[in-house]
Each structure stands twice: as C-alpha cells, then as structure tokens.
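K.L.:
If you use full-length UniProt numbering, the sequence shown closes out at 136, no skipped numbers anywhere.
No wet-lab data here; the hints were simulated from the structure. Glycine is no exception: its CB is placed at the ideal position from the N, C-alpha and C atoms. A hint or two may mislead.
[Stated by the list, open to error] Each pair of labels, with its calculated beta carbon distance range:
{"id": "1", "residue 1": "D70", "residue 2": "Q113", "range": "46 to 52 Å"}
{"id": "2", "residue 1": "Q113", "residue 2": "L23", "range": "20 to 26 Å"}
{"id": "3", "residue 1": "D110", "residue 2": "L23", "range": "43 to 49 Å"}
{"id": "4", "residue 1": "A79", "residue 2": "R5", "range": "35 to 41 Å"}
{"id": "5", "residue 1": "A103", "residue 2": "G73", "range": "22 to 28 Å"}
{"id": "6", "residue 1": "R136", "residue 2": "E112", "range": "18 to 24 Å"}
{"id": "7", "residue 1": "A55", "residue 2": "L128", "range": "22 to 28 Å"}
{"id": "8", "residue 1": "G35", "residue 2": "A124", "range": "19 to 25 Å"}
{"id": "9", "residue 1": "A77", "residue 2": "A8", "range": "32 to 38 Å"}
{"id": "10", "residue 1": "P109", "residue 2": "K62", "range": "44 to 50 Å"}
{"id": "11", "residue 1": "A130", "residue 2": "A77", "range": "31 to 37 Å"}
{"id": "12", "residue 1": "A3", "residue 2": "T61", "range": "33 to 39 Å"}
{"id": "13", "residue 1": "G73", "residue 2": "L7", "range": "37 to 43 Å"}
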Amino acid sequence: MLAVRTLARVSRVLERSTAELNLAHYRVLSAIAGGDARASRVAQRLALGRPAISAAVDALTKRGLVVRSDVDGDQRAIALSLTPLGERLLAETEAEMVARVGALAGRTPDPEQVLRVLGWLGPAIDELVAEHLASR
Numbered sequence: 001m002l003a004v005r006t007l008a009r010v011s012r013v014l015e016r017s018t019a020e021l022n023l024a025h026y027r028v029l030s031a032i033a034g035g036d037a038r039a040s041r042v043a044q045r046l047a048l049g050r051p052a053i054s055a056a057v058d059a060l061t062k063r064g065l066v067v068r069s070d071v072d073g074d075q076r077a078i079a080l081s082l083t084p085l086g087e088r089l090l091a092e093t094e095a096e097m098v099a100r101v102g103a104l105a106g107r108t109p110d111p112e113q114v115l116r117v118l119g120w121l122g123p124a125i126d127e128l129v130a131e132h133l134a135s136r
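Hey, can you work out the whole structure from these sequences and the hints?
P.N.:
As structure tokens, then:
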C-alpha cells in the first residue's frame, strides 16, 4: 500500500515539474519522440483508448507541439511527429523531471539504488502492457 501511495505522490511531483505540459501530454510526446509515429501505436503503447489519444493529440496539435500527416498506403492511419516546439518542450520537461527525481532520490539512504529500481520498472511496465494487449 505504501509503495502505491508513494508512486502516486511521485506522479504528482513530476506533473508539477512544468506548468506547460501535463503528465498525460508528456507521455504522448515521449511516445511519439520514441518512434511510435502512428496514433494507433501511441494509443497501444500507452494503453489508451481512441478517444483519449485523439483528445490528447488534438490538444497537442492546437498548441503547435504535434503535426498529423497521412501514412502512404494506409488511408486510415495517421502519422504523428513532433514540431520543433514540441521537441524543445519535451526536452525541457524531461530535464526538469530528471532533476526532480534526482532530488527525491538524493533524500533517500541509497539514491543510486532508488534510481536503479526505478529504471527496472520501465521494462516491467512494457511487459505488462504487452501482456494486456495480447490478452485482448
């Protein structure tokens, strides 16, 4: 129970890292920057439904952070890419988040271990999402 509450609190701390980008929009920008160019792939990777990804992409497009384009050979698919402004804001947000996580870890008895364990969670989350998608 304590771990869940702590993760929720860390999430709030990270969300406050920037007034310009909420955590949901950060996740979408990060997925696009990571190579998930199709909207459907971003939705899968983030375990979001179509309405949620569509709303996020609409908001990010209106802010000039993301550009939509057609995918050659697939009329239904939409490719997403970051604009230069989107790339800059993502980099600034990630730098602030890294600083916040580093500051939090620095307040623990073993900062390196905390960061190492957090690093382990990334692949574990990817596996969990993949299993969830495979079970559909």
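K.L.:
Taking the hints in turn, state whether each one holds.
P.N.:
Going through the hints against the structure:
no., hint, in the structure
1, D70 to Q113: 46 to 52 Å, "holds, 47 Å"
2, Q113 to L23: 20 to 26 Å, "holds, 25 Å"
3, D110 to L23: 43 to 49 Å, "violated, 26 Å"
4, A79 to R5: 35 to 41 Å, "holds, 39 Å"
5, A103 to G73: 22 to 28 Å, "violated, 47 Å"
6, R136 to E112: 18 to 24 Å, "violated, 38 Å"
7, A55 to L128: 22 to 28 Å, "holds, 24 Å"
8, G35 to A124: 19 to 25 Å, "holds, 20 Å"
9, A77 to A8: 32 to 38 Å, "holds, 35 Å"
10, P109 to K62: 44 to 50 Å, "holds, 45 Å"
11, A130 to A77: 31 to 37 Å, "violated, 21 Å"
12, A3 to T61: 33 to 39 Å, "holds, 36 Å"
13, G73 to L7: 37 to 43 Å, "holds, 41 Å"
Hints 3, 5, 6, 11 from the list above are not met by this structure, while the remaining hints are.
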